[in-house]
Amino acid sequence: MRLLFILGEIGSGLRRNLSMVISVVLVTFVSLTFVGAAGMLQMQINQMKGYWYDKVQVAVFLCNDGSTAVGCASGPATKEQQENLQAMLESPAVKQYINDFQFESQAEAYTHFKEQFSNSPIVDSVSEDQLPASFRINMKNPEKYQIISETFSSQPGVETVSDQRQVLERIFSWMNGASVAAMGVAVVMIFCAVLLITTTIRLSAFSRRRETGIMRLVGASKTVIQLPFILEGVIAAVVGAVLASVTLWLMAHFWLNGELSTQFLNTPFISSAQVLVIAPVLIALGAGLAGISSLLTLRRYLKV
Amino acid sequence: MIRFENVTKVYEQNARPALDSVSLEINRGEFTFLVGASGSGKSTFLRLILKEDKASSGSVYVAGQNVANISSWRVPKLRRGIGVVFQDFRLLPQKNVFANVAFAMQVIGKSRSIIRETVPEVLKTVGLEGKERRMPHELSGGEQQRVAIARAVVNRPGILLADEPTGNLDPITSMGIMGVLDKINQNGTTVVMATHDDDIVNEMRRRVVELKNGKVIRDEAKALYTSMIPVVGESRRLRDASGEELNRAQGAQL
Ligand SMILES: Nc1ncnc2c1ncn2[C@@H]1O[C@H](COP(=O)(O)OP(=O)(O)O)[C@@H](O)[C@H]1O
Ligand SMILES: [Mg+2]
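Sequences listed follow chains P and E, in order.
In case it helps, our numbering puts the first sequence at residues -13 to 290.
In case it helps, our numbering puts the second sequence at residues 5 to 258.
In short, the hints are calculated from the structure, not lab data.
Note that the Cβ used here is the ideal one computed from N, Cα and C, for glycine as well.
Wrong hints could be hidden among the right ones.
Unchecked claim - Here are some of the chain P residues that sit facing chain E, going by a computed Cβ distance under 8 Å:
| id | residue |
| --- | --- |
| 1 | R(-12) |
| 2 | F(-9) |
| 3 | V210 |
Unchecked claim - Only pairs whose alpha carbons sit at most 25 Å apart, straight line, appear in this in silico DMTMM-like list of lysine to aspartate or glutamate:
| id | chain 1 | residue 1 | chain 2 | residue 2 |
| --- | --- | --- | --- | --- |
| 4 | P | K289 | E | E147 |
| 5 | P | K289 | E | D57 |
| 6 | E | K219 | E | E168 |
| 7 | P | K100 | P | E90 |
| 8 | P | K208 | E | E56 |
| 9 | E | K55 | E | E9 |
| 10 | E | K81 | P | E197 |
| 11 | E | K135 | P | E197 |
| 12 | E | K99 | E | E125 |
| 13 | E | K187 | E | E147 |
| 14 | E | K114 | P | E197 |
| 15 | E | K216 | E | D24 |
| 16 | E | K216 | E | E9 |
| 17 | P | K289 | E | E56 |
| 18 | E | K58 | E | E147 |
| 19 | P | K289 | E | E16 |
| 20 | P | K289 | E | D92 |
| 21 | E | K58 | P | E197 |
| 22 | P | K208 | E | E9 |
| 23 | P | K289 | E | D167 |
| 24 | E | K219 | E | D201 |
| 25 | P | K65 | P | D149 |
| 26 | E | K55 | P | E197 |
| 27 | E | K99 | P | E197 |
| 28 | E | K216 | E | D92 |
I would like the entire structure built from these sequences, with the hints used as guidance.
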């Protein structure tokens, strides 16, 4: 009976304040979408780090026909130069910094390139001898990249030494920045959501002060008086959180795993299932924020 | 049933107290008028019984319990034992008569079947049979006040507090309301009614407690609105011969 009564009160409260309730839903929806997006970016960064960090290497690219670097003035790298570089890599002075290394010939580079861009027209416009051969070095400690770079970049036959890890770090720091920005927007939006929930509950308590006054006089418990208001805020916020979760899931499903994954073939994207981990967090966050802010508002504006 | 011991209530520092060391006992089953000019402290007296306000000093006992010692989560239980009606009825305009009365039972978790059984009974007691489906705006003032009384007593409280219940009603309608309150009192409910309607008080001939500037200046059984006895000094109490002392002794055991 009391449960039915409380449900009825919630229903009438939601109807009476429909426009305010809708704005609470929308604001929590937007703010939690940003929270979730920040979370997804962090998950994406971790995923990529895990996938790439043991694969990334320092690459020593050798001169080919098209090279313009100073060290390539004498044309493509010769067999002799290549053997010389290999000897250096095997010498104790260098060996102490690296785990192992492989040689990637122009033919192998072309095969990898074709795999990577299999459904892109760029494959047809690139030929084997346009791609450089390279030594792929696995570092013991990737931080020691500078030593390898200094040792090899001035050697004859070397076009350039590149640290893939640095490229990745740049991408990661960019993604991290985006995630921090999303979080910043989220904080502002959450602040708006809390203010809006507070105002909504206050209006709701005011518009029903007659009922609550009578409830108090006939001895209704604090729970029966306050619960409809609190649940009103919580329900609106949870609806917003569910909408945010659905939006994020759709983004992961159709954009990351649909469109982007066909464009960036060897990038490991987070799956839409992983987004489902974020959903409960968002719902709990929405419900918690709404619950606490309603409770504090009622303590001030609803005498019990 | 209700006992005030040296109760003083000060709302604002520097202002005179709304109640000034009031000591008073109201027994179970009694009908008491609280009279006095506006601002004499009648509503304050009633609010202290409900623990809507806290006494600045002194103690208020309801059914033998010092209300100051009732924790906030048990205040609802105290209020379930007390019905209240006001001058302005305070009905819910969008609910019909039945729903207004049923509301008081719903919010304390009474079952649907008990509500269906009890509400018509109570509406009959207050003389509103057959008007269950009316909306408040379709009722006269007197009928609205009857609905409010029905709501106040539907949970069978031991005490009924009425704060100027006839203040908005014409004399004839007021007498009708008094009939209802009297009937409720006959059924054993202790009634305390604040009023400054002298006709009613004179007609009913019940105990009269008169307040002036927060002090009790008269406490008389079977009395009139204005005292027949010259007021000497402070409060004065006349006892009737019908065993008031005995009632008091029984009340103290409750
Ligand atoms: N909430 C309040 N805050 C401040 N003063 C109040 C409050 N309620 C009543 N008072 C003062 O207390 C005195 C008694 O008021 P009240 O008990 O309402 O008298 P009555 O009901 O007899 O007209 C008055 O002087 C009134 O101004
Ligand atoms: Mg008053």
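Hint-by-hint comparison with the structure:
1. R(-12): At about 4 Å, which falls below the 8 Å cut-off, the nearest Cβ of chain E leaves the hint on R(-12)(P) intact, so it holds.
2. F(-9): Cβ of F(-9)(P) sits 5 Å from chain E, so the hint holds.
3. V210: Because about 6 Å separates V210(P) from the closest Cβ in chain E, which is inside the 8 Å limit, the hint holds.
4. K289(P) with E147(E): Measuring from Cα to Cα gives roughly 29 Å; hence the hint is violated.
5. K289(P) with D57(E): 12 Å, holds
6. K219(E) with E168(E): 19 Å, holds
7. K100(P) with E90(P): 14 Å, holds
8. K208(P) with E56(E): 14 Å, holds
9. K55(E) with E9(E): 15 Å, holds
10. K81(E) with E197(P): The hint holds at about 18 Å.
11. K135(E) with E197(P): The hint holds at about 22 Å.
12. K99(E) with E125(E): 19 Å, holds
13. K187(E) with E147(E): 16 Å, holds
14. K114(E) with E197(P): Roughly 17 Å between the alpha carbons, so the hint for K114(E) and E197(P) holds.
15. K216(E) with D24(E): Holds, at roughly 10 Å.
16. K216(E) with E9(E): 18 Å, holds
17. K289(P) with E56(E): Distance ~10 Å between K289(P) and E56(E) Cα, so the pair holds.
18. K58(E) with E147(E): 33 Å, violated
19. K289(P) with E16(E): 20 Å, holds
20. K289(P) with D92(E): With Cα atoms ~20 Å apart, K289(P) and D92(E) stay inside 25 Å; holds.
21. K58(E) with E197(P): 23 Å, holds
22. K208(P) with E9(E): Roughly 29 Å between the alpha carbons, so the hint for K208(P) and E9(E) is violated.
23. K289(P) with D167(E): 20 Å, holds
24. K219(E) with D201(E): Distance ~19 Å between K219(E) and D201(E) Cα, so the pair holds.
25. K65(P) with D149(P): With a Cα-Cα distance of about 24 Å, the restraint between K65(P) and D149(P) holds, given a limit of 25 Å.
26. K55(E) with E197(P): Holds - the C-alpha atoms of E197(P) and K55(E) are around 19 Å apart, at most 25 Å.
27. K99(E) with E197(P): 11 Å, holds
28. K216(E) with D92(E): 24 Å, holds
Of the numbered hints given earlier, the model fails hints 4, 18 and 22; all others are met.
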